[in-house]
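So the protein lines, in turn, are chains L and E. Counting from 1, one number per residue, gives the positions in the first sequence under the working numbering. Counting from 1001, one number per residue, gives the positions in the second sequence under the working numbering.
Please note that a few of the clues may not be correct.
[Stated by the list, open to error] Below, in silico cross-link-like pairs of lysine to aspartate or glutamate (EDC-like), each with a Cα-Cα straight-line distance of 16 Å or less: (1) L:K139 / E:D1054; (2) E:K1223 / E:E1180; (3) L:K223 / L:E180; (4) L:K139 / E:D1055; (5) E:K1139 / L:D55; (6) E:K1139 / L:D54; (7) L:K121 / L:E11; (8) L:K39 / L:E116.
[Unchecked claim] Here are a few chain E residues that sit away from chain L, every Cβ distance over 12 Å (derived from the structure): (9) M1028; (10) V1062; (11) D1072; (12) H1123; (13) E1183; (14) Y1186; (15) Q1191.
[Said to hold, decoys possible] Computed far set for chain E versus chain L, every beta-carbon distance over 12 Å: (16) A1044; (17) P1064; (18) S1178; (19) L1232.
By construction, these hints were calculated from the structure, which means they are not laboratory data. Virtual Cβ for every residue (Gly too), placed ideally from N, Cα, C.
Protein chains: 2
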Amino acid sequence: MLANIKIVLVETSHPGNIGAVARAMKNMAMGNLCLVNPKVFPSADATARASGADDILAAARVYPTLPDAIADCQLVLGTSARCRTISWPELTPRECAEKVVIHEPGNQVAILFGRENSGLKNHELDLCHYLLRIPCNSKYSSLNIAAAVQVVCYELFVAAGLQENNRVGDKGEIPLASAEQMESFYGHLHQALIDIDFMQPDQSNSIMRRLRRIYNRIHLDSKELDILRGILRMSQGNKAKTKRS
Amino acid sequence: MLANIKIVLVETSHPGNIGAVARAMKNMAMGNLCLVNPKVFPSADATARASGADDILAAARVYPTLPDAIADCQLVLGTSARCRTISWPELTPRECAEKVVIHEPGNQVAILFGRENSGLKNHELDLCHYLLRIPCNSKYSSLNIAAAVQVVCYELFVAAGLQENNRVGDKGEIPLASAEQMESFYGHLHQALIDIDFMQPDQSNSIMRRLRRIYNRIHLDSKELDILRGILRMSQGNKAKTKRS
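Whole structure, please, built from the sequences with the hints as guidance.
Right under this line is the structure:
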């Protein structure tokens, strides 16, 4: 998955940025990095900023020209911050990810990122099927190149559905409390509030109704309910002891 | 818009990262940066990496403790790469953006980003209503702090709908060709193909059908159509001259 998509950096000046791009790619499970005529590569700066993604740097391929780098690609997208004067079909990163990952997954794809200061030149955009434009502040629209790669690769990763569903709360190890358990809890709570003299037995239900709204809203699991009931028991017991003494 | 959301960096070690965060925020039209006990700040490294977002750095507020930084916030989210052992409600950046920007826009919100090496401590997460987890490669899950801020702020910006719809192709300055114009073009094309001896007048329509499929697919605007018709006219004329000579 995502192995058919290459990130192509065109004439990057700062090797640190190449390293940061490698890290951004690996964070999103992408590994295919191509460099067109980089100013300095390989470089200790790149390796330092890659911060553990040096395997991506080691596997990176260097090309003398952009056409060499994209020769095998059926779909070429060029990132651009500027609004071009000629009409060009544009995609956002999310639209790009849907197109590349969901609607047309069979293509070899190249996504181009231009020079730090001047981006891609028009003759390079002529090689692209789409402009890829990251939504951003129109008054300050130049993203760092690694930040731009991060956003695009993040959208590809999300579209590919590669995130592992390891949310602890969703694992279902501890089931949510059932309605019966909750009713039992509310009965216990009511009695405890009476025992500690917070409520009178014959008092209206409006306080209990508010407490129900609070505890229903937080979707207690059965372990959390055990803890709360333990607290109730102790408050009842302590009060009893206090009363006895 | 987005002014109610503060980005809180907790004990950041590298001032360059603070600068990169300021840039990432400004790119996404966010300006409220809080620093809890930063190792070095202000710093020339931060200003250099901010790359024009030094107004964000200048306006950043520094706090001695995290509770000070979030005292005025009703909703606190802590980013975390690690899977915590206790059950914690989690949001993705997209879910966070929908909640913060669309469903509950009235809250003062803090989004916390921890130390570069060790993230947020459990006692800091105790102050959070939600864990915010960026979907990423489970085998290499530690994003650079500025990259993490970039992804989160990007989702907030997209949810806020702040991107200007300045797609050149969508501006409608040049309307798409009408069906009548396209039919006129196909008639011209057919005649030109006969004139240059590519087709015979009585030939089957399968070639014309293929050509229609091609040109219908690309949604020509009327200016592009003018260019193509000019080409057709010239090819007809040149052929006529060749035939005459």
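Hints, one by one, checked against the model:
1. With a CA separation close to 14 Å, the supplied pair K139 of chain L and D1054 of chain E stays within the 16 Å bound.
2. Note on K1223 of chain E and E1180 of chain E: the hinted pairing holds, with a Cα-Cα distance of about 15 Å set against a maximum of 16 Å.
3. With a C-alpha separation of about 15 Å, the suggested pairing of K223 of chain L with E180 of chain L holds against the 16 Å cut-off.
4. For the hint pairing K139 of chain L with D1055 of chain E, the CA-to-CA distance comes to about 13 Å; that is within 16 Å, so the pair holds.
5. The suggested pairing of K1139 of chain E with D55 of chain L holds, with an alpha-carbon distance near 13 Å, which does not exceed 16 Å.
6. Between K1139 of chain E and D54 of chain L the alpha-carbon distance is near 14 Å, which keeps this suggested pair within the 16 Å criterion.
7. Between the alpha carbons of K121 of chain L and E11 of chain L the distance comes to roughly 11 Å, so the proposed pair stays at or under 16 Å and holds.
8. Taking the CA atoms of K39 of chain L and E116 of chain L, the gap is about 12 Å. The hint holds against a cut of 16 Å.
9. Taking the minimum C-beta to C-beta distance to chain L, about 6 Å, the non-interface status of M1028 of chain E is violated against the 12 Å cut.
10. No beta-carbon of chain L comes within 12 Å of the beta-carbon of V1062 of chain E; the shortest separation is about 23 Å.
11. With a least beta-carbon separation of about 23 Å from chain L, D1072 of chain E lies farther than 12 Å from that chain, consistent with its non-interface assignment.
12. With a least CB separation of 18 Å from chain L, H1123 of chain E remains clear of the 12 Å interface cut-off, as annotated.
13. For E1183 of chain E, the non-interface assignment is confirmed: its Cβ lies about 23 Å from the closest Cβ of chain L, beyond the 12 Å cut-off.
14. Distance check for Y1186 of chain E against chain L: the nearest CB is about 22 Å away, which clears 12 Å, and the non-interface claim stands.
15. Listed as outside the interface, Q1191 of chain E is consistent with that label: its C-beta sits roughly 28 Å from the nearest C-beta of chain L, beyond the 12 Å cut-off.
16. Here A1044 of chain E stays apart from chain L, with its beta-carbon at least about 16 Å from theirs, past the 12 Å limit.
17. At the 12 Å boundary, the C-beta of P1064 of chain E stays outside the reach of chain L, the nearest C-beta of that chain being 29 Å off.
18. Chain L leaves S1178 of chain E outside its interface by the beta-carbon criterion, the shortest separation being 17 Å against a cut-off of 12 Å.
19. No beta-carbon of chain L is positioned within 12 Å of the beta-carbon of L1232 of chain E; the least distance is around 21 Å.
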